[in-house]
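Novice: Dock chain to chain to rebuild the complex, using the hints, since each chain is given by itself in its own frame.
If you read the protein sequences in the order shown, they are chains A and B.
The numbering of the first sequence is numbering that gives the first Met the number 0, which starts it at 0 and goes up by one.
The numbering of the second sequence is numbering that gives the first Met the number 0, which starts it at 0 and goes up by one.
Calculated directly from the structure, the hints in this document are not laboratory data.
Treat the numbers as computed from the prediction; the structure is a model and nothing was measured.
Mixed in with the good hints there might be a few duds.
Under the rule of at most 25 angstroms between Cα atoms (straight-line distance), these lysine-lysine pairs were calculated in the BS3-like manner [unchecked claim]:
#  : chain 1 : residue 1 : chain 2 : residue 2
1  : A       : K100      : A       : K140
2  : A       : K200      : B       : K249
3  : B       : K456      : B       : K336
4  : A       : K140      : A       : K200
5  : B       : K249      : A       : K100
6  : A       : K88       : B       : K288
7  : A       : K203      : A       : K163
8  : B       : K249      : A       : K88
9  : A       : K100      : B       : K288
10 : A       : K140      : A       : K163
11 : A       : K163      : A       : K200
12 : A       : K100      : A       : K88
13 : A       : K140      : A       : K88
14 : A       : K140      : A       : K20
15 : B       : K288      : B       : K249
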Amino acid sequence: MRVLVIEDDQETASFLRRALKEQGHVAEYAADGQTGLDLARVNAYDILIVDRMLPKLDGLAVIGTLRAEEIRTPVLILSALGEVDDRVKGLRAGGDDYLTKPYAFSELLARIEALARRTSPEEGSTRFVVGDLVLDRLSHKVTRAGEAILLQPREFRLLEYLMKHAGQVVTRTMLLENVWDYHFDPQTNVIDVHVSRLRSKIDKNFATPLLHTVRGAGYSIRDSAH
Amino acid sequence: MTALTKLFRTTTFRLSLTYLALFGAAAVVAIFYIYWNTTVLLTRQLHDTIDAELTGLAEQYTGGGLNRLVRTVADRSRTPGNSLYFVADADGRRVAGNLTSISEELAKSLGPVEFEYRRPAEGGIETRLAFANVFRLPGGYRLIVGRDIEDRRELGRVIRSAMLWGLSVMALFGIGGGYLVSRNLLARIDAVTETARTIMEGDLTGRLPVTGSGDELDRLSQNLNLMLARIEQLMAGLREVSDNIAHDLKTPLNRLRNRVEAALREPYGETAYREALEHTIEEADGLIKTFNALLSIARLEAGAAGDNKERLDVAALVRDVAELYEPVAEERGIMLKAEAVDPVFTRADRQLLGQAIANLIDNAIKYGAPDRAQGVNGERPEVSVTAGAVGPMAEIVVTDRGPGVPTCERERVLGRFVRLEASRSEPGSGLGLSLVAAVARLHGGGLRLEDNHPGLKVVLSLPAEAPPLDDETAKHAAAGPELKPA
Chain A
0 MRVLVIEDDQ ETASFLRRAL KEQGHVAEYA ADGQTGLDLA RVNAYDILIV DRMLPKLDGL
60 AVIGTLRAEE IRTPVLILSA LGEVDDRVKG LRAGGDDYLT KPYAFSELLA RIEALARRTS
120 PEEGSTRFVV GDLVLDRLSH KVTRAGEAIL LQPREFRLLE YLMKHAGQVV TRTMLLENVW
180 DYHFDPQTNV IDVHVSRLRS KIDKNFATPL LHTVRGAGYS IRDSAH
Chain B
0 MTALTKLFRT TTFRLSLTYL ALFGAAAVVA IFYIYWNTTV LLTRQLHDTI DAELTGLAEQ
60 YTGGGLNRLV RTVADRSRTP GNSLYFVADA DGRRVAGNLT SISEELAKSL GPVEFEYRRP
120 AEGGIETRLA FANVFRLPGG YRLIVGRDIE DRRELGRVIR SAMLWGLSVM ALFGIGGGYL
180 VSRNLLARID AVTETARTIM EGDLTGRLPV TGSGDELDRL SQNLNLMLAR IEQLMAGLRE
240 VSDNIAHDLK TPLNRLRNRV EAALREPYGE TAYREALEHT IEEADGLIKT FNALLSIARL
300 EAGAAGDNKE RLDVAALVRD VAELYEPVAE ERGIMLKAEA VDPVFTRADR QLLGQAIANL
360 IDNAIKYGAP DRAQGVNGER PEVSVTAGAV GPMAEIVVTD RGPGVPTCER ERVLGRFVRL
420 EASRSEPGSG LGLSLVAAVA RLHGGGLRLE DNHPGLKVVL SLPAEAPPLD DETAKHAAAG
480 PELKPA
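If we strip away everything but chain B, and leave its shape as in the complex, we get (with noise of 0.2 angstroms):
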């Protein structure tokens, strides 16, 4: 295909046509109009004027005879005008008038006719239209009374052309236009289809081009743009995950086929073979419990969860999990502090949030004490989680006395298989705060990290709901107002 016949097919182009086609006929249609009505005037005019002194010189007749009639032509040829007169005898030679000689087919014809004739002009003799009514009178005598319509002619060739003209200018401005404004378009199409072909190939970084005047295309190619931003991110992220589960699944399942391969090899005995196998099965449910968390994140990104969810007292839920998590942190010689008093309500799934606010518990209490069970100046270290409402958010904070997070790695931490240098003493999978990061976006909240001085502060915050009414308000409001007058 040619770049000229990809143009022509273009839609802009063909409606450009189609204007063109409907606006030319409508042209014509009204010009021809004002040319017929134009002529149907003229001529109507022509016709009286004709009349009126064919009545004239009747009554001429009628009063003084031939003679009087033919001074009377005499005089009026003096006069100039447009006005035609010949009186001819019977050999149809002038009596009188202001046309020189009359053509024998003139002569002869009889009632209105139209003839050419010719008269003295500026540097010669000119050929002119004229339109005449012919009379017979008695003795074989003439009459021809008559009018220059060479005007009329001129008129209907200005019209012409001027049609022509029009028409001619019109479709070199529609089709210029249409091929300007196709050629403008086809650009920005094909600069479009450049770059996804690109983007198809695999470079998710290209971006549809914008060119700022904020057009339809515009708008559309800032859409386009915020839908391949998040393509690109969210296959960068299925590239990080590949590239983690690739390490920190594969690297458990080497050390499990290792131990089974090294217990076969050797021939221990039974008791050998036991404790192999149940290192095993060890294993394995640490690679089950890091599937499933992958799993649950996976999901909760692609919002395939939460149909459960419900209105719930935040600050009841932190209590309850603080309470389960409260007998581990002792026996690790850490505070556990639930401080969530008064409800604060939003719109959760239960066990989701509550796996949430475990997770952060359960990181407080993993990685948040300096040196276990010792504490700054002889005190036990503290974790602490509350709830309250902040502004329009249901805000839970769970902060730690530990090493914290660097400024620079807040970010990270919530990426999957994230873990920092100095956790790595403790068993986890990373996978913790992903979780806890895709719950919170899931339920249209966010979870930050923050310094604790120290420590770390970690704030999970849900967009707050009205408190349920409780069952005397609702009794109430039920009954409807009491109107009473004043």
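Chain A on its own, in the form it takes in the complex (with noise of 0.2 angstroms):
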């Protein structure tokens, strides 16, 4: 992926684009939102990630020209602003996900790897398949090597969204997020123990595990045969 690291401070860009390259990513960098907005306008980028504050052009006024401009590159917000309040106005000026500072590496990967894929066609598709595991989105049904599963409601969106993303890291905040809709720390391990309860119905009378947790990170599904 070839991505645009808008931030002013040196040593984070610089961390961002050491890390970025070791996982395979072309990292280019700007300083502040003047040059971030004039890269961002000229280059295909496959994804931003913008800091809010930023000298000479506010990352929000970066984001809403962009935008204004009909440049769809997704965008992730970095801010040292965390409350609800925050997020909602990062999103509302354009953004497509905003992670708050300080963060882990390995939440910030996962993150634009999910944005970056969200463009793709699969988006749209009323099946996923991963393996011999088959979700379809219309009929809310799910099979094992043609076996029916029985989820609870919450269990099949936690499974779509894992789907939707196969292949991809996807951490803790990404599905308290995105499945449950919460944005605040809920201070117990209570998602992996919904991960835990929906591998046992996925994985557990079958040979080969689908659902697999990235250690540091977060889980991941994909057909480990491939």
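Specialist: Structure follows, in structure tokens:
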């Protein structure tokens, strides 16, 4: 992926660029809002990582200008302001996701990969298939190797989100935000327990596990045979 | 600045002076007006009287000549009164009249004239003022007809002195009154200033004096005192939080530092380094969580959050959050029961209220089981969450069967970083309930802890809202009333 990091703090920016390069991405960098906006207008990036507080041009203004010019590159906003109100403002300005500093790099990586994928055609599909696991979004039915699996509504949505991002890492916070629509810290590892319940339903009686735990990051559903 | 100049500079004193000057001027004008009018009236009466006398005397003269006039004058002179008569011959000698003599000046003058004359009085002779008309008669005779106007002169004197006295007394009372009122007010203002100074110097316990008279200064002082009480409370809170931050954030920071230092000091090799770094990140994450919670509470208490309030069904949110925690409860051997069927509405920020409910359930699961998974009589310990309307409030009640919170501690556990000894074994920041309390306050509600016999009962109450109309009703209402003749 080709990523543009618009961030005024040198150290944060160079850490992000190095880490992204290690993950095989191409990372470019702008130190202020105006430069960032100019670059984003000219080059085709897969994703923009925009700090909210920027010299010359505020992060939200950069996003607003791009959106007004019909440039739809997915944007992840980074901000030290972490309240729900701030988040709402960021998303209203045209941001696609919002991450509060300080963050874990694994969280950032999972989120930009999910965002970049969002523009892919799979978004609208009605059937998700991972290995022999099939989820039908219209009939709300899940089968593995042709065998029907009964899921609670919430478990269905959890699996749906995981399968939509099949092959990618999905963090606990992403699950909490997207499956439950909660933007706060639940204090206990509630998500882990929900995932392990789901795992017992889809993986327990089968030889190859599909739902994997990614240490220090989150979860990923993938067909390990491939 | 001396005490006196300070006093003279007060608004009250200046106001008194201004009023005094205004009233004084008004009084002078009024008195002068009365005096002037009286004088005019008296003068007119005087002239009329003299004219009448003259007419009478002129008739006598035309009727009987000089002799008759002299006789009439002599007759009239004998009747007591204020009238004065004098008939003089060509040499100025008295022929008739009640004036003993006239001055040379008067003898030569003609027409209306004011003069002084002497007449006998008790214990001597007095000089009095008179007004007269002087006529020349044929043969060098002169007729003087006048009236004593000493009384009028007296009246002028009396009025002048009355004015002088009146104004002096007025000035005395005005300045004195102004002085007293200003001194009184200044004393109160000085007391307020003094208190304000001690408060500025750092003594927040100071309060403005209230006299109990209920006047505007008292009301002002009372309100300022309320403000001071709130400031004192906030400052105390701030101090407590700083102390707590010092303890609750420094301890893990120190632990983190020690661990990193230890890893650096000893040549452990890569696995050990990796382990140390992982621990470091874990510790840092914990710190970030605590820090975030603190920031959230601070923002909530400053009223800087909650712009996203909407009407929502508390019961639905309670079911939703309970569902999130249900697997965790089960894993810990606790039965989590959510009893919230009937919708109850309130205006709230979904995320904030959700977090508050989550914190309450999380607490109940963590601290609400007596001996984990054993429970009373072999039953699973139970945590129940309910939502319902109680009077004008929507109440969310979370109960557990744990050790509860002693009555004396119930107020204290709502504070920041407060953790009861019994709960120290569980991980936690001691910020959960503070956050719930802050959310409740932000939404105009409250949080109270009660006894669940045994266990803890936490009640989060929020002002209830009327439920939204369902589509059918809304459509019906929009159609308007259908009026039909009876």
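Novice: Now tell me, hint by hint, if it's right for this structure.
Specialist: Hint check results:
1. A:K100 x A:K140: violated, 39 angstroms
2. A:K200 x B:K249: violated, 44 angstroms
3. B:K456 x B:K336: holds, 14 angstroms
4. A:K140 x A:K200: holds, 13 angstroms
5. B:K249 x A:K100: With a Cα-Cα distance of about 20 angstroms, the restraint between K249 of chain B and K100 of chain A holds, given a limit of 25 angstroms.
6. A:K88 x B:K288: holds, 22 angstroms
7. A:K203 x A:K163: holds, 21 angstroms
8. B:K249 x A:K88: Roughly 33 angstroms separates the two Cα atoms, so the pair is violated.
9. A:K100 x B:K288: holds, 11 angstroms
10. A:K140 x A:K163: holds, 15 angstroms
11. A:K163 x A:K200: Holds, at roughly 18 angstroms.
12. A:K100 x A:K88: holds, 16 angstroms
13. A:K140 x A:K88: Not satisfied, since the Cα-Cα distance of roughly 37 angstroms exceeds 25 angstroms.
14. A:K140 x A:K20: violated, 40 angstroms
15. B:K288 x B:K249: With Cα atoms ~14 angstroms apart, K288 of chain B and K249 of chain B stay inside 25 angstroms; holds.
Violated hints, in rising order: 1, 2, 8, 13, 14; the structure is consistent with all others.
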